[in-house]
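A.B. asks: Protein chains in written order, with numbering that gives the first Met the number 0: chain A, 0 to 325; chain B, 0 to 374; chain C, 0 to 291.
If you're looking for bench data, these hints aren't it; they were derived computationally from the structure. Careful: at least some of the hints might be erroneous.
[Unchecked claim] The calculated lysine to aspartate or glutamate pairs, modelled on EDC-like cross-linking and capped at a C-alpha distance of 20 Å, are:
hint: 1; chain 1: B; residue 1: 47; chain 2: C; residue 2: 112
hint: 2; chain 1: B; residue 1: 159; chain 2: B; residue 2: 191
hint: 3; chain 1: B; residue 1: 152; chain 2: B; residue 2: 187
hint: 4; chain 1: B; residue 1: 159; chain 2: B; residue 2: 195
hint: 5; chain 1: B; residue 1: 146; chain 2: B; residue 2: 318
hint: 6; chain 1: B; residue 1: 321; chain 2: B; residue 2: 350
hint: 7; chain 1: C; residue 1: 55; chain 2: B; residue 2: 254
hint: 8; chain 1: B; residue 1: 128; chain 2: B; residue 2: 191
hint: 9; chain 1: B; residue 1: 152; chain 2: B; residue 2: 195
hint: 10; chain 1: A; residue 1: 153; chain 2: B; residue 2: 87
hint: 11; chain 1: B; residue 1: 67; chain 2: A; residue 2: 200
hint: 12; chain 1: A; residue 1: 242; chain 2: A; residue 2: 200
hint: 13; chain 1: B; residue 1: 321; chain 2: B; residue 2: 359
hint: 14; chain 1: B; residue 1: 146; chain 2: B; residue 2: 359
hint: 15; chain 1: A; residue 1: 242; chain 2: C; residue 2: 219
hint: 16; chain 1: C; residue 1: 55; chain 2: B; residue 2: 287
hint: 17; chain 1: C; residue 1: 131; chain 2: B; residue 2: 238
hint: 18; chain 1: C; residue 1: 55; chain 2: C; residue 2: 2
hint: 19; chain 1: B; residue 1: 152; chain 2: B; residue 2: 359
hint: 20; chain 1: B; residue 1: 67; chain 2: B; residue 2: 359
hint: 21; chain 1: B; residue 1: 321; chain 2: B; residue 2: 346
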Amino acid sequence: MTTKMVRILFPLAALALLVLIPLGQGNYIIYVMTSWLMFSIAAMGLNLTLGYAGQISLAQASFMGIGAYITALLTLAGYHWVVGWVAAMGACFGIGLLLGYPALRVQHHFLAFVTLAFNTLVFLVLRNEEWLTGGNHGLVGMPRPSFFGISTGKNLEFYYFVLILFVISAAVFYWIVNSPWGRAFKALRENPVRAESLGVDTRRITLLAFAIGSAFGGGAGAIMSPLVQFIEPGSFALVHSLKILLMVVVGGAGLFYGPMLGAAVVILLPEFLRFTEGYYLMIYAALVIVLMVYSPTGLIGLGTKLWQQIRPQSEVRKDMSKGAQL
Amino acid sequence: MIRRLAATTLTCMALTAPAAMADVVLADVAELSGAGAAAGAVWHDGVKMAVEEINASGGILGEMIDLKEYDSQTDPQNSRAMVQKAIDEGAYVLLGTVYSSSTVVNMLVAQQNGVPQLTGSESPTITAKGNPYIFRTAFGAQKGLPKLVSYLKDGLGAEKIAVVWANTEFGKGGYDAFMSIADEQGLEIVADVSTEQGQVDFAADVTKVKGSGADAVFVYLTEEESARFLIEAEKQGLELPLGGDTVLVSQKVIDLAGGAADGAFGHVGLSAEAPVPAIQEMAARFQEIYGYSADHNAIKGYIGVYVVKYVTEQIGEFDREKFAETLHGLCLSAADYPGVLMDVCWDETGEMSRESFLVEVVDGSQEITESLPAN
Amino acid sequence: MSEFIQLIVSGLSTGSIYALAAVGFTLLWQASQTINFAQGEFVMVPAFFVLVLTVKMGLPVWLAMPLAVILAVLILGALFKRLIVEPMFRHGTIPLVIATIALGILLKEMVKEFYSPLGQPFPSLFPQTVLKIGNASISVPDIANLIIAMGTIFALQLFLSGTRTGRSMQATAQNPDVAQILGVDIKRMVLYTFLINGALAAIASILITPIYLAKFSNGETLGLVAFIAAIVGGFNQIRGALVGGLLLGVIDNLSAAYFSSEYRQALPMLLLIVIILVRPQGLLGTAEGRTV
């Protein structure tokens, strides 16, 4: 089987699985899977910023928050969810530009610090401006949308709705990283100095990556409103940004499937470790440390490494590393 | 031979793991990690203790309780998922959560699935939403605070009040309730000081209260923050009466604040120090088993499990619908139902009433100054 | 006026603790490009060393505190470097950031699970005597915190600029390649930095916990503030971190009293953003220092 075929068949098979798995499952499993798809979208966005443009953003949760509140306010005011979704992504894109422009003007890791501060500010505004956001009590009862008479009210229906959004997001993401832009990202990541000397406008590309990544965060937030049907400022605090960052890096930053795998691990691992009762967060944290020590490229990197150990032929290795990196 | 082996295995299982043979599943969804772990973990120990007692004395309607625990991680979204999971796994009744921000979310799921839920939350909003499946194990802040406000006004003659509150879902609930009652009673709020979760430096907050010209201070913070505030207030020589609710005068705050807690007073719904023999015995057993002292959260969890037992035995079967119906408007007296520790009644919204106390901290321990009738 | 003095003194006292944490933070960054997201937990943990030694093992406080500092130096200094930072040295900044985030969770959970989820009272080194200046109340621990923290940082500054080892450490931080050519044992110098950070964290912990009480979640706010203090002051200067810490302590109190208690956390954040935009090297930082 050629690499090309694998590249086409794998997503199709994965998609078929995603369609089939939730059938006949309990509400909890469906809820967790929906929530995984949602966080995958947010993590995909951060992957663009972190994995491709090499910038740490610590504000992905606040972009989700902005998206979630915009969508909630609009849908509660009677507008269709799609309006909220578009507005959420647009607003996050704009804020991303405004925030990233000055931060990226200076030195490289400064975006991390600016976003760190930004996340806290967003939390404070969401909590304190009660007239708009409901303050500590948050907003409740956002409706799940219906399209051309098809409702997404039930958990399984809503899951398929989010699956469609997930596929769209993944396709857009795939298109971006394989477009001329995306190749510029890769050039940038691999060798910024050379990229610049070849005429790539480093700053503009990085800024765009951050803004688009933030828009993905807003899109994920737009899903959260009707999914949980309750939002409050605490769900978008700094720890949640760190959680999304963990997803991207644990899965494998800069790899197409990395954030999806990472989101699955971050959401599901506590589930698998639950038999350890009070210890699971400890075990989880320890596993992350061990993973980072042995494989800074995340789980996909670890898998590739192990694969190489089993089949050390150089032919296969080249294929694998290519496949994992798109 | 095989049959004998199977029989032995079964006996072994029955001996070693009675819970695995049990039929009735109780789910405790609590804050076992995250910011609320201090409250949730104690609540969970109270629940565990009651389950063990009930199982040791024959279970509910002859069936053992299989207690399943679910960690909300003090995250409302996650608590929602956990409640869903508990229901998928066949929970008969839900216990928890303690944090109101979680309960407001996950009670929607319990309602959709028709599963009764006994919560430890005290935020007024919870029973105001017309959810027929939610029941409290301690009355809401809106019931306790009027008693405190009338004490501030009539007992102390205070007119100007400074309010120090935690700007979280917990604190906001109490703050809103207090403000509306204070407004009704014609009290003037001269300082409105919001504080952060996990705030450590209370110098500015105390300074503000000090300069406000208040006659008395209403303090609505969580345990550690209450203690830090009291310590700072003592340091700056704040001479005003400091009043609050259960938390401010709890044993935990007294232990943490030391002498600085002396003179603080509060309205207390449940307290391990209440002059009720049943509660003191329960607290002593708790101390023996878990090695630390029980607080109001432990008692709430403990009572919650017993309520499940008593109500189920009244209806004579495990029926969620009937459970909720029966509990509305039900009164349980401690004489007939010792596990509830004190006489208690529920109304049609799931709100409850029970005798309560005005407590003052004197020489590092709680002293009951007045017993207030149930309302 | 006395109100103002009160706020300033309290702010400086708290700020001096932020400064200790921020200095350690800066040192680690300079020596090894470690952005330590577990720094807050590093300040939280030594208090529990003291509690384990006194409450669980019955040692007297005067013995437990130095032992706790030694434990912090060994575990949060040497072991941290050996087990986590060293193997990841060559992986770059991001994996290490993730690992320290995970380490923060790990430390928090361990304290919660193996000691207690509840806050604990903590013995104070100093009497709680309160001095009156006008209407302002200044306690002995306030002043002691300020003096000990500043003294520690000045001693550290003297050590770095006045001794051979200290200068080698600085050389390592500024240019490891050149330092190595000049015969500096850079591995050892980096290790020293980690040991010093452990000690600073332990000192901060012992000073602050009598007031803040010992709780597993104490590191969350502290770590964030130390981080901001370090950047605001200047990421490549120890005195920058000192100024940053003191400044944040004072700003926090002033903003809560005069600006808005609901937005008290916003001012440090706005300050951070403004500093990054206007003076990215920090208040006292030098522009030619290594880029962050």
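A.B. asks: All the hints need checking, so say for each whether the structure fits it.
C.D. replies: Evaluation of the provided hints:
1. Distance check on the hinted pair: residue 47 of chain B and residue 112 of chain C sit about 17 Å apart at the alpha-carbon level, within 20 Å; holds.
2. Between residue 159 of chain B and residue 191 of chain B, the direct Cα distance comes to roughly 11 Å. Compliance with the 20 Å bound is thereby established for this hinted pair.
3. For the suggested pair residue 152 of chain B and residue 187 of chain B, the alpha carbons sit about 11 Å apart, so the restraint of at most 20 Å is met.
4. About 24 Å separates the Cα atoms of residue 159 of chain B and residue 195 of chain B, which puts this hinted pair outside 20 Å; it is violated.
5. At roughly 37 Å between alpha-carbon atoms, residue 146 of chain B and residue 318 of chain B are farther apart than 20 Å, so this suggested pair is violated.
6. Proximity of residue 321 of chain B to residue 350 of chain B is assessed by CA-CA distance (about 18 Å); at most 20 Å being required, the pair is judged to hold.
7. Simply put, residue 55 of chain C and residue 254 of chain B have alpha-carbon atoms about 17 Å apart, close enough for the 20 Å limit, and the pair holds.
8. For a cut-off of 20 Å, the pair hint linking residue 128 of chain B to residue 191 of chain B is broken: about 28 Å separates their Cα positions.
9. Restraint check for residue 152 of chain B and residue 195 of chain B: the C-alpha separation of about 28 Å exceeds 20 Å, so the hint is violated.
10. At most 20 Å may separate the alpha-carbon atoms for a hinted pair to count; residue 153 of chain A and residue 87 of chain B meet this at roughly 15 Å.
11. Note on residue 67 of chain B and residue 200 of chain A: the hinted pairing is violated, with a Cα-Cα distance of about 57 Å set against a maximum of 20 Å.
12. Proximity of residue 242 of chain A to residue 200 of chain A is assessed by CA-CA distance (about 31 Å); at most 20 Å being required, the pair is judged violated.
13. Taking the CA atoms of residue 321 of chain B and residue 359 of chain B, the gap is about 41 Å. The hint is violated against a cut of 20 Å.
14. Between residue 146 of chain B and residue 359 of chain B the CA atoms are separated by roughly 14 Å; this keeps the pair inside 20 Å, and the hint holds.
15. Restraint check: the Cα-Cα separation between residue 242 of chain A and residue 219 of chain C comes to about 15 Å, which is no more than 20 Å; the hinted pair holds.
16. At most 20 Å may separate the alpha-carbon atoms for a hinted pair to count; residue 55 of chain C and residue 287 of chain B meet this at roughly 17 Å.
17. For a cut-off of 20 Å, the pair hint linking residue 131 of chain C to residue 238 of chain B stands: about 15 Å separates their Cα positions.
18. Distance restraint check for residue 55 of chain C and residue 2 of chain C: the Cα-Cα separation of roughly 42 Å exceeds the 20 Å cut-off, and the hinted pair is therefore not satisfied.
19. A hinted pair counts as satisfied when its Cα atoms are at most 20 Å apart, and residue 152 of chain B with residue 359 of chain B qualifies at roughly 17 Å.
20. Restraint check: the Cα-Cα separation between residue 67 of chain B and residue 359 of chain B comes to about 38 Å, which exceeds 20 Å; the hinted pair is violated.
21. Simply put, residue 321 of chain B and residue 346 of chain B have alpha-carbon atoms about 16 Å apart, close enough for the 20 Å limit, and the pair holds.
Violation of the numbered hints given earlier is confined to hints 4, 5, 8, 9, 11, 12, 13, 18 and 20; the remaining hints are satisfied by the structure.
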